[in-house]
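Participant: Spelled out from the first residue to the last, the chains are:
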Amino acid sequence: MTEQEFLEYVQDGGQVETNDWMPDEYRAKLIKFIEMHGNSELMGVLPEREWILRAPTLQRKLALTAKVQDEVGHSQLIYRVVEDLGKPREQCLEDLVSGKTKFHNVFHYPTKTWGDVGVIAWLVDAAAIISQKALLKCSYAPYARIMKKICWEESFHILHGRDVVLTMMNGTDEQRDLVQEAVNRWWGPLMQFHGNPIPKDEDPMYVWRIKSQGNEEARQQFLDGYVPQIWEIGLTVPDPKLRKRDDGVWEFTEPDWDELKHVVTGHGPKTQERLELRQATREETAWVRRVVLAEAA
Amino acid sequence: MSERAQQLLGIADDELVLGWRNSEWTGIAPFLEEDVAFSSIAQNEIGHARALYQLVADELGTTADALAFDRSPEDYRHSRLVELRLVPDWARTIARHVLYEEADAKRLEELKASDESAVAGLAAKIDREEAYHRMHAQMWRERLQDEPRFTDALEELRPLLGESGSPEFAELWEEMTIVRRSVAGATW
Amino acid sequence: MIYEVFRQERRGQAFAHAGSVEAPDQAFAEWYAREQYGRRGESVSLWVVPRHEIVEIGDFADELQRNYHRVDGYPLKEKLKEARERAGTAAAGDR
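Top to bottom, those sequences are chains Z, L and X.
Numbering of the first sequence is given in our numbering, commencing with residue 1 and proceeding in unit increments.
Numbering of the second sequence is given in our numbering, commencing with residue 1 and proceeding in unit increments.
Numbering of the third sequence is given in our numbering, commencing with residue 1 and proceeding in unit increments.
If we strip away everything but chain Z, and leave its shape as in the complex, we get (with noise of 0.2 Å):
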């Protein structure tokens, strides 16, 4: 097959598997877009993490830390991905932790509150579905696959969330006030979490027909589909602009395309704390992975 057969046979619906022959370019942009969904679901542990602790009651504290094992299990379940394509998972750790690879920007910002707790599972979940329904149909087959196991667990994140956000709602204005503070300081980062709006023809993610969305489409079915739920329980999105059009298109203020680059290049408020974090448990633990790991490699 040449490059040009390869391309005309994934946009006509076909599906690769790991010994299959692709183009070299193909390898790498799957390798790095496959790299950077492990990494996020590992880096998305940490700012959960720290609630665990503080759960305010036991069925909380039982579905916060099945949530953040769920993360643990996906990022497992793709970097063994990653792995078959060709490239090990300490190596994908290393350069994590090094800095070399990115994350998605929403887990590079501190969580603050129990607000935060409910709003990110409720609405990064949800933002993160998206981008991940869009992928049940990646040409690279063993991705799409897991994709569906991944799907599936998310269902119950959103649920939780909202569970959540619904009992805090209906609660004292002090929890109110705390799911609205955490809304105001989480929208921006969901703004740009699907990516800056490049035409589907120009993003080779859409091209090689990884995702079946492009950024823009994804950021629309998130609102359509959040915003009438944040709006119905009494919530305001901190957004002047933002509104439903006629013809069905939601319009909103720009958002800051330069604060996502800044903080995905590893400039976040909580990056580097978290990064040596991982760093820090990696090296306390390296010994395990030596002892019960390596001899059976």
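Everything labelled a hint here was simulated from the structure, so no lab data went into it.
Even glycine gets a Cβ: it sits at the ideal position worked out from N, Cα and C.
Just so you know, not all the hints are guaranteed correct.
Covered stretches of chain Z (in silico footprint by chain L; criterion: 3 or more residues with CB under 8 Å from a CB of chain L, positions within the stretch not fixed) [what the hints assert, rightly or not]:
1) 165-173
2) 219-233
3) 274-285
Calculated lysine to aspartate or glutamate pairs in the DMTMM-like style (CA-CA distance at most 25 Å, straight line) [said to hold, decoys possible]:
4) Z:LYS112 with L:GLU59
5) Z:LYS149 with X:GLU4
6) Z:LYS270 with L:ASP65
7) Z:LYS137 with X:GLU9
8) L:LYS125 with X:ASP62
9) Z:LYS112 with L:ASP70
10) Z:LYS148 with X:GLU30
11) Z:LYS149 with X:GLU30
12) Z:LYS133 with X:ASP25
13) Z:LYS137 with X:GLU42
14) Z:LYS112 with L:ASP152
15) Z:LYS87 with X:GLU42
16) L:LYS125 with L:GLU171
17) Z:LYS87 with X:GLU9
Fit chains L and X to the known structure of chain Z by using the hints.
Facilitator: For chains L and X alone, coordinates are given in the frame of chain Z:
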């Protein structure tokens, strides 16, 4: 409080505090597969605590959450062993896991023989889950038995099984209850 | 070592490949497989196999037309029409 309630609270408190400490590894365990596995163990322990608290709560006319969170730190009945913060030391974590599961197995056998069917029934359910924990502890013990840091940890931690929790628990309790106490009487 | 995991979602269904886990030995692999593919009761049964035990076959030689053992080797419509005409039982759809 009845002797039965005190006894069950002691076990519940052990499971709660150990589950809390074990959940501190979620996200940062030595490798990903083990991270997922150990998190389930932590969740099971909290689940056991919840079920045990519920039995006592029914007797006392309160809720499992109230027993888990709303007592003063001095009123908890866990052992010194479970309240230690061991992250990021995997050797001591597994040593504690091995020691605790051994001791807990004996305790569960006694509970399974209880006259009270609710207690015996719950103990049987818990034991069926704990069988997996014991398997996990044994697997790790075999892997680490030649590591001095592990064998040292077993010796260091063994005596703490029989010791009561210390004033240090107050620090964990503060963090555990910080959100719950932040808005008095709120539902979360 | 990499272990492949196959799962059965419900009794009676076929086992399907679910994914893989890295583990030092079979005992650990079983623990990890049970966790990753069964902690939510999403599987009723799992098979856990070291990857190197699995042989993939992707090539099949089928050079010469072999429709004699496939359904598409038996287009009967014309012969059936002729037989019905001969027997005087031609059905409306045979025209």
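Participant: Hint by hint, say whether it matches the structure.
Facilitator: Here is what the structure says about each hint:
1. Residue count for the stretch 165-173 of chain Z with a Cβ under 8 Å from a Cβ of chain L: 5. That meets the three needed, and the coverage hint holds.
2. Coverage of the stretch 219-233 of chain Z by chain L is violated in this model, with 0 residues showing a Cβ closer than 8 Å to a Cβ of that chain against a need of three.
3. Three residues within the 8 Å Cβ limit are the bar, and the stretch 274-285 of chain Z against chain L gives 6, so the coverage statement holds.
4. Proximity of LYS112 of chain Z to GLU59 of chain L is assessed by CA-CA distance (about 38 Å); at most 25 Å being required, the pair is judged violated.
5. A C-alpha spacing of about 16 Å is found between LYS149 of chain Z and GLU4 of chain X, which places the hinted pair at or below 25 Å, so the restraint holds.
6. A hinted pair counts as satisfied when its Cα atoms are at most 25 Å apart, and LYS270 of chain Z with ASP65 of chain L does not qualify at roughly 33 Å.
7. In summary, the hint linking LYS137 of chain Z to GLU9 of chain X is supported, as the alpha carbons are separated by about 22 Å, within the 25 Å threshold.
8. With a CA separation close to 57 Å, the supplied pair LYS125 of chain L and ASP62 of chain X exceeds the 25 Å bound.
9. Between the alpha carbons of LYS112 of chain Z and ASP70 of chain L the distance comes to roughly 23 Å, so the proposed pair stays at or under 25 Å and holds.
10. With a C-alpha separation of about 22 Å, the suggested pair LYS148 of chain Z and GLU30 of chain X falls inside the 25 Å cut-off, and the hint holds.
11. Of the supplied pair hints, the one linking LYS149 of chain Z and GLU30 of chain X holds, its CA atoms being roughly 19 Å apart against a limit of 25 Å.
12. A threshold of 25 Å between alpha carbons decides the hint, and for LYS133 of chain Z with ASP25 of chain X the separation of about 34 Å lies outside it, so the pair is violated.
13. A hinted pair counts as satisfied when its Cα atoms are at most 25 Å apart, and LYS137 of chain Z with GLU42 of chain X qualifies at roughly 22 Å.
14. Under the criterion of a C-alpha separation no larger than 25 Å, the hint pairing LYS112 of chain Z with ASP152 of chain L is inconsistent with the structure, at around 39 Å.
15. Distance check on the hinted pair: LYS87 of chain Z and GLU42 of chain X sit about 30 Å apart at the alpha-carbon level, beyond 25 Å; violated.
16. For the proposed pair LYS125 of chain L and GLU171 of chain L, the alpha carbon gap of about 32 Å is over 25 Å, so the pair is violated.
17. For the given pair, LYS87 of chain Z sits about 31 Å from GLU9 of chain X by alpha-carbon distance, which is inconsistent with the 25 Å threshold.
Of the hints listed earlier, those the structure fails to meet are numbers 2, 4, 6, 8, 12, 14, 15, 16 and 17, in rising order.
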